[in-house]
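Based on these hints, arrange chain B on the given structure of chain A.
If you read the protein sequences in the order shown, they are chains A and B.
Counting with our numbering, you get residues 2 to 133 for the letters of the first sequence.
Counting with our numbering, you get residues 14 to 195 for the letters of the second sequence.
What the hints contain is simulated information worked out from the structure, not anything from laboratory work.
Nothing here was measured: the structure is a model prediction, and the numbers come from that model.
Quick look at which bits of chain A chain B covers, simulated, 3 or more residues with Cβ under 8 Å: (1) 11-19; (2) 52-66; (3) 69-76.
Heads up, the beta-carbon is just placed ideally off N, CA and C, and yes, glycines get one too.
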Amino acid sequence: MTLDRFRNLAEAYGGELSRWPVDERSAAERLLAAEPALAAVLAEASALDDLLAAVPAPSASAALAERIAASAPAPRRPRLSWAWPAGLGAGLAAACAAGLLAGVHMAERASEAEALLIAVSQDYSPYLEDDA
Amino acid sequence: MGTSDPDAELLSRVADGDPAAARALVARKLPRLLSLAGRMLGDPREAEDVAQDAFVRVWKQAPRWRAGEAKFDTWLHRVAMNLCYDRLRRRRETPMADPPERVDEGPGPDRGLLAADVGRQVARALQALPERQREAIVLCHYQELGNIEAAQVMGVSVEALESLLARGRRALRAALSDLAEA
Chain A
2 MTLDRFRNLA
12 EAYGGELSRW
22 PVDERSAAER
32 LLAAEPALAA
42 VLAEASALDD
52 LLAAVPAPSA
62 SAALAERIAA
72 SAPAPRRPRL
82 SWAWPAGLGA
92 GLAAACAAGL
102 LAGVHMAERA
112 SEAEALLIAV
122 SQDYSPYLED
132 DA
Chain B
14 MGTSDPDAEL
24 LSRVADGDPA
34 AARALVARKL
44 PRLLSLAGRM
54 LGDPREAEDV
64 AQDAFVRVWK
74 QAPRWRAGEA
84 KFDTWLHRVA
94 MNLCYDRLRR
104 RRETPMADPP
114 ERVDEGPGPD
124 RGLLAADVGR
134 QVARALQALP
144 ERQREAIVLC
154 HYQELGNIEA
164 AQVMGVSVEA
174 LESLLARGRR
184 ALRAALSDLA
194 EA
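This is chain A alone, in the form it adopts within the complex (with noise of 0.2 Å):
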């Protein structure tokens, strides 16, 4: 490491090596070692590192963490998700068939009812054998 890189390392990241780039350290205390008059160098960052460690930051309150906290999602309901869709894609075509049949016999329109049905299962056939 080269003075100026020192130097430019204090003047970037302060005077405590261990706020500095990890990969650039060794090289650093190495270097300090050889030269003592870096110690002035860092000194004089460390000062400003001082004064900016003088602006405090805003308290967190426990009220603000408890409203924060509470709006956080609610937990899910049991697991049927994973399940939606093989079983109860199946099973959803069955009800809606159930249902279509149910009110087109009370129509007495069963023939139309039977041919839509047979219409509607064949089209969403594949996508109910993929997902089972």
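Below, chain B without anything else, positioned relative to chain A:
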């Protein structure tokens, strides 16, 4: 990003609606968000608003989070920074709306510099920096992000980050020269 994300497991439980995980995530991240937004905006109330808005995005993102693509903490810093920039932009567009606190120009000659006075004076100097320089200092100094992570959050190279840091620190040193000599 080969290393495991320390927040991934907690995030997964949040996505499942585990209230204890949500509380734990808030306890872990809220102080960091307030630190970031407080130093970027110089206004504690606005910092709280930013923190709340950031968590709204966390809750939405949690079910979609895919570990290994990005570190959650890096993503959260970017989200919070964007929210801060939204507010800074709004301030510029409506300069009369709630300007940041303006304190008098320092302590009187007959009283010493109290720690709170120093804090206020440094905070003012920080707010007076160009936003990108302030962002670099906030991320590296206050949030203690590594240089690569801070550069990622800012969307710049490490060299550009170092330049922003150095310029920001030089400006601060000049603005605070009386304090540094005290």
